[in-house]
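Visitor: The task is to assemble the complex, starting from two chains supplied on their own in separate frames and drawing on the hints.
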Amino acid sequence: MSTDSPGFDPAAPYRLNPRVALRPEPFGALAYHFGTRKLSFLKAPALVELVRDLEAHPTVLAAVDHLAAPEKDRYLRALATLAETDMIVPA
Amino acid sequence: MKLVDQFKKGLSAPICLTWEWTYACNLSCTHCLSSSGRRDPKELTTAEIKAVIDELQRMQVFYVNIGGGEPTVRPDFWELMHYAVTHDVGVKFSTNGLRITPLRARQLVATDYVDVQISLDGATREVNDAVRGPGSYDTAIAAMANLADAGFAGFKVSVVMTRQNVPQLGEFKAIADRYGAQLRITRLRPSGRGADVWDDLHPTQGQQRQIYDWLVRHGDNVLTGDSFFHLNALGSTSLPGLNLCGAGRVVCLIDPVGDVYACPFAIHDAFLAGNVREAGFGRVWRESPLFAQLREPQSAGACASCGEYDACQGGCMAAKFFTGLPLAGPDPECVKGNAPTTGLAIPAQGKDHSHRKRVALGMPSVPAKPCDPSPLAVR
Ligand code: SF4
Ligand code: SF4
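Protein chains in written order, with our numbering: chain A, 1 to 91; chain B, 1 to 379.
The shape of chain B in the complex, shown without the other chains (with noise of 0.2 Å):
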């Protein structure tokens, strides 16, 4: 059997585990999947993490997707990241650059297994902080600048491409050359606040194709979190990564309060698979029904008759929910234009922490060589 096929229908564990430490945060990007602000009175404390990060190493998740809201608001940030690395669970951190001093830039090279990801939202502050906010450009390159200047290699600039960035693809780019990081991009995705801006900012079909071009050609030095794969349909060539929905089957994500999603874009009681304060995380993981449902073969819809389907595998779940489409069928950004425009009930997004007065973030990765005869698959 594919390995894809085995992906779908689970692991005893996740791969592509996403750990919302709070959601607290200084800024209030307009497109925030977790629509974050606030924090919640009920967000777990220091030992209720621990006991999880416990059960993760006994469950073997080799490294975490930590965010937020902004995780390093979190008083306890740095001691819940050391407590980690030191029980076998690597932690990649996003975060818009905030607490990223020179010194914690220095104490975070000398800390094995954490890997840095800054967010930014536009190669120019005024396209970036647009969407994210004022100040937030120069917070994230000079968060970069101490990264740099600290001697740490290779973490990450991850970019949420919109209708405003996708022409700055390049310039996204050498600013990741110049820090010595190394780009991600990823799909804009109608969740949480970004329902609200969807119209607005996701990329447009011809610019969906330009994306896809701009992969092809640089796609083995950028990281996307396989979140492009529905563009799988505009050619011959695969995008790199892992080309289905993983959301449950080897993604998910717990949010601050501990509530286990099927995904991190999907914070919905649809999707919601149980609680780490009930019965711990693994629990939720091997038994919850939810989970089963979607470790079970998917039906294609109206997608069935597209002959790109192989390719495309009818793009992102979460995506087609919070645009009101059927699950089953085309995504949102259907890149044949099959995906229904009218009559479509948009359901209200699951939980909001926005700061009162009204004013972000991405997903991890896998691999996967269909039909490789190898009895090994290497990352």
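Here chain A stands alone, though its shape is the one from the complex (with noise of 0.2 Å):
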């Protein structure tokens, strides 16, 4: 899977899909999408505070801008998979 994958735009801004509830795990979070009805797990407590965090900033790269390099690949690859699976979706 690749960030630029089609509909994934880091450069743009995106936020949490309001259908999408988030309870807090002691791994991070266990994330549920209403509308699909599927479950996943955000398995850092970095990520969760990230996907949170994510309408706050004017893209999905300033959000993830604080990190290091293989971390924030490992990010943005995650946010894809959210992106494609309609857990977040553009602001």
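In case anyone wonders, no lab produced these hints; they're calculated from the structure. Glycine included, each C-beta is placed from N, C-alpha and C at the ideal position. Worth double-checking, as some hints may not be accurate.
Claimed, not checked - Short, incomplete list of chain B residues facing chain A, as computed with Cβ under 10 Å:
hint	residue
1	13
2	59
3	60
4	88
5	376
6	377
Guide: What follows is the structure, encoded as structure tokens:
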């Protein structure tokens, strides 16, 4: 899966889909999409924070800007997957 | 840490909550996991069920598997279903099809967050009715036709695999396809009346191989409630789903009288964690000593020397318990044939609501890709 998969544009603003609820868990959070009924597991507290704060940033890239290179790529890939599964949506 | 290891330590709330709303049932399936038949006079009232739904909403339990008995025989069933889905608690309910009329089917299509699971244990009338009783095949098929006609796409057809129906796997798939449904196959457990018929109904070793091979080929489109993980010891391809016993960790049962058990297949005092009437569900989930113990690392027992333990995890706790096997050690259907077969003391079943004359149900699912370095796992 690549970060430039059609549909996901890290240069654009995104936010958590209002139909998605995040349930805090010891490992991070469980995300449930009330529309697709899909469950995802955000396996890092930092990813949960990132997703929650997404809409405070002008672009996705700005939201991950503080991360170092390997981390940043992993989180961008995770966000691309979340966009593909409609968990996050263009703001 | 791997997600599956996180799951072993328990979650803030279950992922896979089965909630049986009544012990009453119009049928008397020979393998019923909850020995259902007659209503229990102490069953939770409408108000009590709504109070638990409110609590589940607060705990963010996003969906529940409603079963029984036959849940739709409760006169307040539709009211409760509506209450749940309007409180962010989605409902998947298991039914033998009894009340799925054309009108109800149309109402169900129009309701968000509801899924329906029709139980069928034979692809032919003969095989099904031998276990589920006369007329039950026709009832299930009529319900499927009503759902399909109403445009309910992707409802579930749920099959408990038995020695008699393993040869019908392809036919089950064809039936599900015919009605635009999704097939779900689950493992028979020696729970409830299932204990009485276990020796005659549980699949042979050869059939276990057949199920495994079939799932490896068709698994992507077939649900299993992640119930066949003990078959992972048969090959290098891991079946999709969660590879562990979730009892008390991500799985649990609320029974019709409000008792909370570690797993729907474990209705027995040994697995009773508390009652929702006393303290609510959340306190039982978070504070029960039994659940705390199940969330501790478990001993592999005699499985420790088996090379397949990582893949198979020693199988199903309930299956071991109700066949008199130690919980640390091989499953009664251990594919390596390592389960002891002699000198076993079979425990009595916990509750019996069987019809007095003498004359059914399954588990939900969770994801996990072990060793996945991504900070995300998508179901
Ligand atoms: S006891 Fe068996 S059925 Fe229950 S969660 Fe464990 S493996 Fe699954
Ligand atoms: S010995 Fe235990 S771990 Fe090995 S296959 Fe049998 S049940 Fe699974």
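Visitor: Output the indices of the hints that this structure fails to meet, ascending.
Guide: Per hint list: zero violations.
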